[in-house]
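Trainee: Spelled out from the first residue to the last, the chains are:
Protein chains: 2
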Amino acid sequence: MKGKLFVLSGPSGVGKNTILNRVIAASDHVRYSVSATSRQSRPGEVDGSSYYFVTRERFEEMIAQDELLEYAEYVGNYYGTPLAPIREAMKNGFDVVMDVEVIGAKKIKARVPDAVLVFVAASSMDAVRQRLIARGDVSPEAMEERLKRAVWECSQAEDYDYIVLNDDVEQAVRELRAIMVAEKCKTVERIHLLKEEF
Amino acid sequence: MKGKLFVLSGPSGVGKNTILNRVIAASDHVRYSVSATSRQSRPGEVDGSSYYFVTRERFEEMIAQDELLEYAEYVGNYYGTPLAPIREAMKNGFDVVMDVEVIGAKKIKARVPDAVLVFVAASSMDAVRQRLIARGDVSPEAMEERLKRAVWECSQAEDYDYIVLNDDVEQAVRELRAIMVAEKCKTVERIHLLKEEF
Numbered sequence: 002m003k004g005k006l007f008v009l010s011g012p013s014g015v016g017k018n019t020i021l022n023r024v025i026a027a028s029d030h031v032r033y034s035v036s037a038t039s040r041q042s043r044p045g046e047v048d049g050s051s052y053y054f055v056t057r058e059r060f061e062e063m064i065a066q067d068e069l070l071e072y073a074e075y076v077g078n079y080y081g082t083p084l085a086p087i088r089e090a091m092k093n094g095f096d097v098v099m100d101v102e103v104i105g106a107k108k109i110k111a112r113v114p115d116a117v118l119v120f121v122a123a124s125s126m127d128a129v130r131q132r133l134i135a136r137g138d139v140s141p142e143a144m145e146e147r148l149k150r151a152v153w154e155c156s157q158a159e160d161y162d163y164i165v166l167n168d169d170v171e172q173a174v175r176e177l178r179a180i181m182v183a184e185k186c187k188t189v190e191r192i193h194l195l196k197e198e199f
Numbered sequence: 002m003k004g005k006l007f008v009l010s011g012p013s014g015v016g017k018n019t020i021l022n023r024v025i026a027a028s029d030h031v032r033y034s035v036s037a038t039s040r041q042s043r044p045g046e047v048d049g050s051s052y053y054f055v056t057r058e059r060f061e062e063m064i065a066q067d068e069l070l071e072y073a074e075y076v077g078n079y080y081g082t083p084l085a086p087i088r089e090a091m092k093n094g095f096d097v098v099m100d101v102e103v104i105g106a107k108k109i110k111a112r113v114p115d116a117v118l119v120f121v122a123a124s125s126m127d128a129v130r131q132r133l134i135a136r137g138d139v140s141p142e143a144m145e146e147r148l149k150r151a152v153w154e155c156s157q158a159e160d161y162d163y164i165v166l167n168d169d170v171e172q173a174v175r176e177l178r179a180i181m182v183a184e185k186c187k188t189v190e191r192i193h194l195l196k197e198e199f
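For the record, the sequence lines run as chains V and C.
Residue 142 in the working numbering is what sits at position 141 of the first sequence, and the numbering runs on without skipping anything.
Residue 185 in the working numbering is what sits at position 184 of the second sequence, and the numbering runs on without skipping anything.
Check before you lean on any hint, since a few could be wrong.
Pairs count within a copy or across copies, as identical chains cannot be separated in the list.
[Claimed, not checked] For lysine-lysine, the following DSBU-like pairs were computed, each having C-alpha atoms within a straight-line distance of at most 35 Å:
| # | residue 1 | residue 2 |
| --- | --- | --- |
| 1 | Lys185 | Lys5 |
| 2 | Lys108 | Lys149 |
| 3 | Lys196 | Lys149 |
| 4 | Lys185 | Lys3 |
| 5 | Lys187 | Lys107 |
| 6 | Lys196 | Lys92 |
| 7 | Lys92 | Lys108 |
| 8 | Lys149 | Lys3 |
| 9 | Lys3 | Lys92 |
| 10 | Lys107 | Lys149 |
| 11 | Lys110 | Lys149 |
Quick caveat, the hints were computed from the structure, so don't treat them as lab data.
Bound conformation, chain V alone:
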């Protein structure tokens, strides 16, 4: 059976990475899709794990050769999703999870229609604000910018297949894992098993 692609989006500070790390740690058949970027690596970041760090020239070559499922330019740097590692993992039966902002997620859905889009939200904007403050690396202006962006992102949630609420991380992890199991139980994924047998 082929793996499936699960695309997570949600406001900065909503806890997507925590959820993804927990789900990956709890399963031996889930892989994280590493993004490529042309930005400089920061201390502690590992090539091939945090990101694939490539030159601007190499990134533009990847664009030209259609090696990316989606890409975007942000504050002068490219960010994108290399297709080949995802294809390879899915072929080998792994589910692939990734964290992509809203516009990228929609591009992916257009190219991979059976990708499952999951929007991670908090039931109050205040919880998101608190998490951003706790991180401590955001200026008040950047914070307001992110909160405004969060409101816009939430307005796009309608185009997603599922909404996971991260008010409680245990609950959010349980929900994402349930979605991943349920998607594999859909009739379209399994009807061939009955047809072979009967």
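Based on these hints, arrange chain C on the given structure of chain V.
Mentor: Here is chain C on its own, set in the frame of chain V:
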């Protein structure tokens, strides 16, 4: 939030009751929909728990007054699904699970379009045969009849939303629970939470 209706079908002997009992025992917000029947109760059966046992006259009155979500006559006895207890449980936030054969399940889907249909199958017909033999209450002729019926039922699985494979009961219970959680995470169920907040 309103509860949802989950309708299970699948061949006799595939283990639907075991799965349902386990799922109900594991959750405090799941209720079993008890069927009504005009047949005599058997030793050990409890009115209101195994079935609602009613007279043939009362059953026909329930039909006439549209009190049933679906009904059928089988070997001279009526069997049907009373609507009122389901509505009441769902209004109080309970998910409702039920075990209905294929034709009844399709009638329910036509009347309650957001009911979730789950087909329980085994990946081999032989497993179903073994379970029927283990029960020991079925003659060889009745067995062949049931197996023929099982093949027909499996040919109807295409109209279901999900297929749960009961080769391993733990796995099947996990799958049904995942489906129930995932269905509550669907965007259509939750988008209002984001709209209220933002």
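Trainee: With reference to the structure, classify each hint as holding or not holding.
Mentor: Verification of the hints:
1. Lys185 x Lys5: both (8 Å within a copy, 20 Å between copies)
2. Lys108 x Lys149: within (22 Å within a copy, 47 Å between copies)
3. Lys196 x Lys149: between (51 Å within a copy, 15 Å between copies)
4. Lys185 x Lys3: Both. Shortest intra-copy (10 Å) and inter-copy (25 Å) distances satisfy the 35 Å Cα cut-off.
5. Lys187 x Lys107: both (22 Å within a copy, 17 Å between copies)
6. Lys196 x Lys92: Only inside one copy: lysine 196 and lysine 92 sit 22 Å apart there, 38 Å across copies, limit 35 Å.
7. Lys92 x Lys108: within (21 Å within a copy, 39 Å between copies)
8. Lys149 x Lys3: between (39 Å within a copy, 31 Å between copies)
9. Lys3 x Lys92: within (6 Å within a copy, 39 Å between copies)
10. Lys107 x Lys149: Only inside one copy: lysine 107 and lysine 149 sit 20 Å apart there, 46 Å across copies, limit 35 Å.
11. Lys110 x Lys149: within (25 Å within a copy, 42 Å between copies)
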